[in-house]
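*Asks:* Residue numbering for the sequence shown follows the numbering used here, starting at -15 and increasing by one per position.
Honestly, the hints are just simulated from the structure, not real lab data.
Heads up, some of the hints might be wrong.
As a list, the in silico SDA-like pairs of lysine to any residue whose alpha-carbon atoms are at most 25 angstroms apart [unchecked claim]: (1) K48 - L117; (2) K48 - K31; (3) K167 - L200; (4) K167 - P136; (5) K31 - H134; (6) K48 - L13; (7) K201 - D178; (8) K31 - K167.
Simulated DEER-style distance windows between Cβ atoms [claimed, not checked]: (9) S109 - S52: 22 to 28 angstroms; (10) E107 - D186: 39 to 45 angstroms; (11) D(-13) - R162: 35 to 41 angstroms; (12) Q150 - V189: 15 to 21 angstroms; (13) P111 - D74: 22 to 28 angstroms; (14) K48 - E100: 25 to 31 angstroms; (15) D186 - D(-13): 39 to 45 angstroms; (16) E120 - S52: 28 to 34 angstroms; (17) G15 - R106: 22 to 28 angstroms; (18) R203 - E100: 21 to 27 angstroms; (19) G32 - Q161: 28 to 34 angstroms.
Bear in mind the structure is a predicted one, so any value in this text is a computation, not a measurement.
Beta carbons: idealized from backbone N, C-alpha and C, even for Gly.
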Amino acid sequence: MADDPLLVYLHGFASSPGSHKARRFIGALTGYRVRLSVPDLNEGDFKGMTLSRALALVERLTAKEAPSSVLLMGSSLGGYTAALFAARSDKIAAMVTMAPAFDFARRWEERLGPEEVARWEREGSLPMHHYGLGREDQIGFGLLEDARAHDPFPNVTVPALVIHGQNDEVVGSAGSQRFAEGKDNVTLELIDSDHMLSNNGDWIVERSLSFFSPWLKRRDD
């Protein structure tokens, strides 16, 4: 129904709307009165993916929504994108992120090293396994170039739940701890898990829906 809240779920980097986490939440939300949107952040052009392009997509999806009405979720890079959008838009009521990839540009440059970054810039693209497609693809240098222009730790003021694995080997939990530090509106849950968070899937769904409960109603209510 049109008066049901819009919930937007943003998948992770080199993933897709068919990811395990996305499908788990899609299944759990069938019992709720909510309009669910799980956009494809690849937009048919993984090589051209940037944070700015993803933010523009979320902007289009939420353009007709009332202020403080949209529920936003994101995993990994989708979690960082969610935080960036929540910090700049008046549409968001609350946000849940899982293993959000804060400080994205710096971490990538540090992980790759200056020589590899220079080669990426020179060649224009970098080989990357795309988990959503199940094959190798190319990511354009525009991803890093664009990410450098975005706030590594967005100033989100709406209620936010951040769930991060203490054993995350891809995106360390330090970024989430820094994001949450000193913010009364942010609840940080550090759990015994890795980047995939797969061993805590049921708990994460339950915790997220509980956090969103002020805005969600069951279909049988």
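*Asks:* If a hint holds in the structure, say so; if it does not, say that too.
*Replies:* Status of each hint after checking the structure:
{"no.": "1", "hint": "K48 - L117", "in the structure": "31 angstroms, violated"}
{"no.": "2", "hint": "K48 - K31", "in the structure": "29 angstroms, violated"}
{"no.": "3", "hint": "K167 - L200", "in the structure": "24 angstroms, holds"}
{"no.": "4", "hint": "K167 - P136", "in the structure": "16 angstroms, holds"}
{"no.": "5", "hint": "K31 - H134", "in the structure": "19 angstroms, holds"}
{"no.": "6", "hint": "K48 - L13", "in the structure": "22 angstroms, holds"}
{"no.": "7", "hint": "K201 - D178", "in the structure": "31 angstroms, violated"}
{"no.": "8", "hint": "K31 - K167", "in the structure": "35 angstroms, violated"}
{"no.": "9", "hint": "S109 - S52: 22 to 28 angstroms", "in the structure": "40 angstroms, violated"}
{"no.": "10", "hint": "E107 - D186: 39 to 45 angstroms", "in the structure": "43 angstroms, holds"}
{"no.": "11", "hint": "D(-13) - R162: 35 to 41 angstroms", "in the structure": "38 angstroms, holds"}
{"no.": "12", "hint": "Q150 - V189: 15 to 21 angstroms", "in the structure": "19 angstroms, holds"}
{"no.": "13", "hint": "P111 - D74: 22 to 28 angstroms", "in the structure": "40 angstroms, violated"}
{"no.": "14", "hint": "K48 - E100: 25 to 31 angstroms", "in the structure": "43 angstroms, violated"}
{"no.": "15", "hint": "D186 - D(-13): 39 to 45 angstroms", "in the structure": "30 angstroms, violated"}
{"no.": "16", "hint": "E120 - S52: 28 to 34 angstroms", "in the structure": "42 angstroms, violated"}
{"no.": "17", "hint": "G15 - R106: 22 to 28 angstroms", "in the structure": "51 angstroms, violated"}
{"no.": "18", "hint": "R203 - E100: 21 to 27 angstroms", "in the structure": "50 angstroms, violated"}
{"no.": "19", "hint": "G32 - Q161: 28 to 34 angstroms", "in the structure": "32 angstroms, holds"}
In this structure, the earlier hints numbered 1, 2, 7, 8, 9, 13, 14, 15, 16, 17 and 18 are contradicted, and the remaining ones agree with it.
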